[in-house]
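Chain residues, written in single-letter form:
2 protein chains.
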Amino acid sequence: MKNFWLNMPTEIFFGKNQIEVLGKQLKKENVKSVLLVYGKGSIKRSGLYDKIISLLAENSIKVTELPGIDPNPRISSVAKGAELCRENKIDFIIAAGAGSVIDCSKAIAAARYYNGDPWDFFIRRTSVKKALPLCAVLTLAATGSEMNGGCVLTNEKTLEKLPMGSVRLKPRFSILDPVYTFTLPKNQTIAGIADMMSHVFEQYFSYPDASLQDHMSEAVLKTVIENAPVVVAEPENYEARADIMWAGTVALNGLLELGKEGDWATHMIEHELSAKYDITHGVGLAILTPNWMKHVLDEKNCYKFAAYGRNVWNITEKDDMKAALQAIEKTSEFFKSIGLPQKLSEIGIDGSRFDEMAESALKNSRIGTFKELNKEDIVEIYRMSL
Amino acid sequence: MKNFWLNMPTEIFFGKNQIEVLGKQLKKENVKSVLLVYGKGSIKRSGLYDKIISLLAENSIKVTELPGIDPNPRISSVAKGAELCRENKIDFIIAAGAGSVIDCSKAIAAARYYNGDPWDFFIRRTSVKKALPLCAVLTLAATGSEMNGGCVLTNEKTLEKLPMGSVRLKPRFSILDPVYTFTLPKNQTIAGIADMMSHVFEQYFSYPDASLQDHMSEAVLKTVIENAPVVVAEPENYEARADIMWAGTVALNGLLELGKEGDWATHMIEHELSAKYDITHGVGLAILTPNWMKHVLDEKNCYKFAAYGRNVWNITEKDDMKAALQAIEKTSEFFKSIGLPQKLSEIGIDGSRFDEMAESALKNSRIGTFKELNKEDIVEIYRMSL
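So the sequence lines, in the order shown, correspond to chains L and E. So the first sequence is numbered by our numbering: it starts at 42 and just counts up by one. So the second sequence is numbered by our numbering: it starts at 42 and just counts up by one.
Worth double-checking, as some hints may not be accurate.
Same chains, same names: a pair is fine if it fits in one copy or spans any two.
[What the hints assert, rightly or not] Only pairs whose alpha carbons sit at most 25 Å apart, straight line, appear in this in silico BS3-like list of lysine-lysine:
no., residue 1, residue 2
1, LYS92, LYS43
2, LYS65, LYS43
3, LYS65, LYS170
4, LYS57, LYS43
5, LYS171, LYS68
6, LYS69, LYS171
7, LYS73, LYS121
Simulated from the structure, these hints should not be mistaken for laboratory data.
Build the full structure now, drawing on both the sequences and the hints.
Shown next, in the form of structure tokens:
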């Protein structure tokens with residue numbers, strides 16, 4: 042285990058009707074004027090928007106709104122949000138929505154105090170020195186953004202999609218009510234499930250091994266695998282929605298990566314697909330993951346895929362390489378069983394831009410720590426996914 | 042899953058030489074005058090005491106010392122520590138030692154601002170409204186006190202041992218360097234292992250079931266079971282010591298009990314043994330735990346013991362009751378294999394005070410949520426443990 046620092050300041054209010062704490066929490070923070078960031082209007086249809094507005098009114102907190110955040114959130118929304126914060130003396134941001142809304146809100150929180158182009162945070166031209174405080178009201182179990190300091194934005198001009206992060210961007214608190222996820226369309230539910238599982242894989246398949254962190258990763262995967270078919274069949278099953286929601290948070294709140302160096306290759310090469318084709322991130326991950334596994338598997342690392350197979354899928358095969366291959370097959374079958382696409386061609390992507398995307402992926406950093414990927418590796422993983 | 046609130050403010054600095062952050066962290070808190078609380082001198086033999094003193098001197102922080110804290114810490118030490126805090130204008134407490142030292146420091150932190158008898162916190166006559174901030178420098182993997190707000194103290198006059206807790210008593214930060222545990226005597230190492238496993242059992246065998254929390258409990262148990270024989274055989278194995286140390290923290294930092302109502306019966310009836318006979322808490326737990334399991338096991342709850350057996354011990358038995366009995370047997374065998382006593386008679390305890398202890402255990406609260414225990418149940422568990 043490598044040395045680590047754990048800092049988990051985000052308070053979590055989990056369960057039915059936890060939205061009721063919002064006013065009290067904002068009062069504790071002495072908030073006067075909030076920016077309410079949300080997406081395409083699902084919070085209006087569900088009644089969450091009205092609830093938030095009434096809680097803010099009860100507490101005499103001024104509201105400025107930034108609606109319309111895209112599923113792959115754009116850097117132009119960040120510039121717009123930062124401007125609204127300056128104009129309206131915003132002292133707190135409420136991100137009400139899925140990971141895209143929370144990520145965009147984090148970037149706004151940082152951009153508020155930066156006079157240059159917000160994209161500078163993502164191309165490492167600057168770092169977050171100060172940020173507005175924020176909270177999340179989560180409506181989709183997927184990204185884990187509700188309890189970490191990371192965000193991923195898309196530059197719609199350059200068609201790049203890049204991550205950045207800071208402890209200063211960790212939400213002050215997040216409200217997680219599984220009931221908000223009852224009305225999600227199935228395609229969003231299952232894309233979220235692929236996203237959280239991918240987060241676990243990126244941290245589990247990494248060095249050094251760490252006994253507790255790796256067993257906890259297996260625990261998250263088992264929880265997701267047990268509950269995913271239930272939420273697909275019974276979208277209003279509270280217990281299963283709650284288990285999935287909490288699994289999504291733990292999958293990326295830092296606990297699984299302590300003392301390890303995550304791989305994140307699949308995410309980096311998926312971001313190219315989302316940036317170029319505006320596809321759903323979780324769908325891209327579900328397609329790429331089994332092919333990443335097959336491509337990187339070798340004699341040296343097969344013990345880890347075998348451990349995954351035995352501890353998560355109860356595979357009894359004694360030979361590590363055989364158990365590893367069975368585990369990868371189980372992963373594919375699982376994604377298929379809950380209705381996720383298996384191939385890029387199913388979602389309208391052909392091979393015409395593989396070279397360009399591989400080059401772009403490698404432009405800003407090296408890719409992969411469990412096994413480093415060069416351009417040929419990335420193109421091959423795309424090709425296997427066609 | 043019940044609704045829950047997660048609040049985890051304690052920062053963790055984990056790994057080799059992390060003590061070096063101490064001065065910087067205290068400076069960040071603007072500390073001028075600390076109370077250094079420690080035990081019977083092991084931190085002097087290991088060099089940790091000298092290191093702390095030199096870091097404080099480098100940062101011009103005044104030190105008042107409270108040495109000599111007992112393994113079952115006494116309420117008289119709390120009164121003494123609170124008095125030292127008032128006299129010396131202490132603004133921060135450093136607890137350097139095992140759980141006993143950290144627990145005592147928490148009670149001092151609370152008692153500093155309370156003019157009555159500090160035992161009042163433990164008999165629920167008052168609650169913690171204000172407390173001095175504190176940090177822990179951990180030297181024994183066991184209690185998890187380094188990342189939670191609880192403490193257990195002994196009243197040496199009444200021979201009671203009781204818990205209390207508050208979010209205000211969570212350490213600001215804790216320093217966890219596995220190297221400090223290299224020189225522990227074997228009996229302390231294994232008692233710590235029994236303690237952390239018992240913490241997991243108290244939360245795992247509880248209602249309602251919660252998929253992720255329960256699988257994470259299994260993850261902690263697997264980590265401990267895999268690494269315990271290694272630290273017993275190779276006390277200076279860094280990786281195994283690190284895995285055990287982190288498991289001890291996660292076992293009781295709140296994550297495993299989220300949305301559940303822990304049982305804690307075994308702890309409550311062990312506290313009577315520690316209070317009356319001043320035995321090592323972990324040893325008492327190791328003796329009682331398998332007998333508590335056997336006593337509460339029934340047709341309704343055997344599914345949970347069976348899940349424990351299958352997921353932690355790889356038991357393949359299909360019948361729940363049979364799998365449950367095998368799992369309990371495995372638990373006994375494991376404690377024995379690492380050298381823990383199996384019977385109260387081995388540690389000089391006879392049956393003469395069982396009635397008195399059972400009555401005392403029930404004096405302050407009901408015992409057990411997984412299965413509530415009455416006086417006869419408690420006496421029976423003691424008797425089975427003789």
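Do the hints match the structure? See the list:
| no. | hint | in the structure |
| --- | --- | --- |
| 1 | LYS92 x LYS43 | between (45 Å within a copy, 22 Å between copies) |
| 2 | LYS65 x LYS43 | between (39 Å within a copy, 21 Å between copies) |
| 3 | LYS65 x LYS170 | between (28 Å within a copy, 19 Å between copies) |
| 4 | LYS57 x LYS43 | between (38 Å within a copy, 9 Å between copies) |
| 5 | LYS171 x LYS68 | both (21 Å within a copy, 21 Å between copies) |
| 6 | LYS69 x LYS171 | both (20 Å within a copy, 17 Å between copies) |
| 7 | LYS73 x LYS121 | within (20 Å within a copy, 45 Å between copies) |
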